[in-house]
Amino acid sequence: MEPHEFKLGENGIKAVLPPLEADIMEYMWRVKVSTAGDVYDYMKRLHKDIRRSTVSILMNRLCERGLLARSIERGKGGIRYVYSVTTSREEFERKVVESILDALMSNFKEATYAYISKIKKG
Amino acid sequence: MLLLILLVIQALMLLLSGNWGILAFAISVGVTLLVFAGTFRYGEGRYIEPGDDMDWLVRGMEREAERAGIRAPKLYLLDDYIPNAYSVGNVVVLSLGLFEILSREEILAVVAHEIGHIKNHDGMMFPLIAYGRVFMLLSTVELVLVHATPYFIPASMALLVLYEWSRARFIRLREFRADGLAVTLLDDPMSLKDALEELEYYNDLILKVRRHALPGIEPSIKRREGRIKMEKQYWIPFVFSFPTHPSYSERILNIMAVSQVRNAQVGGRYEG
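Order-wise, the sequence lines are chains A and B.
Number 95 in this note's numbering belongs to position 95 of the first sequence; there are no gaps in the numbering.
Number 147 in this note's numbering belongs to position 147 of the second sequence; there are no gaps in the numbering.
Treat the hints with care, since some could be wrong.
Taking lysine to any residue pairs in the SDA-like style, the calculated list, with each CA pair at most 20 angstroms apart, reads [as the list claims (entries may be wrong)]:
{"id": "1", "chain 1": "A", "residue 1": "K44", "chain 2": "B", "residue 2": "E198"}
{"id": "2", "chain 1": "B", "residue 1": "K208", "chain 2": "A", "residue 2": "R65"}
{"id": "3", "chain 1": "A", "residue 1": "K48", "chain 2": "B", "residue 2": "L205"}
{"id": "4", "chain 1": "A", "residue 1": "K44", "chain 2": "B", "residue 2": "Y201"}
{"id": "5", "chain 1": "A", "residue 1": "K48", "chain 2": "A", "residue 2": "E26"}
{"id": "6", "chain 1": "B", "residue 1": "K208", "chain 2": "A", "residue 2": "L20"}
{"id": "7", "chain 1": "A", "residue 1": "K76", "chain 2": "B", "residue 2": "L75"}
{"id": "8", "chain 1": "B", "residue 1": "K74", "chain 2": "A", "residue 2": "G78"}
Rather than coming from a laboratory, the hints here were simulated on the basis of the structure.
The structure presented is a predicted model; accordingly, all values stated were derived computationally and were not measured.
Assemble the whole structure, with the sequences as input and the hints as a guide.
Right, dumping it as structure tokens:
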């Protein structure tokens, strides 16, 4: 799970995920398992113009990214897809930091060492 | 009818091209039958019966079938997140992706469209036309290979183009007809329009997302570009083709026109 892009101007996981996908992941890490319908209800509170299609596409994109897993559930409301998180937020953040530091170490080794030492001393 | 005539002419040209032509005809028929047999295994295991929990769907479909004057079709759900619906014979298939983006009324509207296809016997006609297309393509190539008379080769190519054009026109008209019938089966005909608008939005958005997507966080997972293509129960050769489906906008306009006419006929019963 290696980020290809880190947006310096963004906060939290929005630095490595597009904003709507980051909002979905924030919710999913909280509830762990959910349906696209429930995520849509949550997202509707944050973005009043969002449509069901947008949520469905983004959740399936998050599945393709490996952050969510999709399975079929036969429940009271009938058969539907349920989505579950594949990794904890902490694990995701750790992997982001590791991959960014790995990239810095391989491209700017001395500067990275120097800066880490400076932080440690400070 | 025109499609059948074209197939018969093509077959006759092969049969009149000597022994090699007869052999080529047998090969074309054989391959077409193999394709036909092969498609019935396609997608096995991905179809789920709705069960008792989806009573609203089964009952709704039965009500629509009764209104259409046909036997209630068998309903299957397809394990596919891409919203899609189709009918084969007397079976309606809905992908699970549909349930993520459409309301119950809109899903029943999509079912009504499929019942429209079944009532018009499209569930049998469309696959037959597709298999006819396989035969036309093969026999055109074979007529070149068996060195048919100079008249047969250009004639066969012209027939192939004509078949493609007729096939596209036939399917487009059938789509409009299925929508027209669906409108008469629904309590709220506008639910079909709403469903098509959402599906159009979905298709536009998924294309945009794939074209302009930022690099993925998981590079090892390659997205399958072909997933957007609507799944069919029968095989379609990927050569030149005329558009077979009307655009969502065309269908929405058609539904609105049919609804207005119907409103006028039933004295505003369907106003909404």
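A quick look at each hint next to the structure:
{"no.": "1", "hint": "K44/A with E198/B", "in the structure": "16 angstroms, holds"}
{"no.": "2", "hint": "K208/B with R65/A", "in the structure": "17 angstroms, holds"}
{"no.": "3", "hint": "K48/A with L205/B", "in the structure": "18 angstroms, holds"}
{"no.": "4", "hint": "K44/A with Y201/B", "in the structure": "17 angstroms, holds"}
{"no.": "5", "hint": "K48/A with E26/A", "in the structure": "18 angstroms, holds"}
{"no.": "6", "hint": "K208/B with L20/A", "in the structure": "15 angstroms, holds"}
{"no.": "7", "hint": "K76/A with L75/B", "in the structure": "18 angstroms, holds"}
{"no.": "8", "hint": "K74/B with G78/A", "in the structure": "17 angstroms, holds"}
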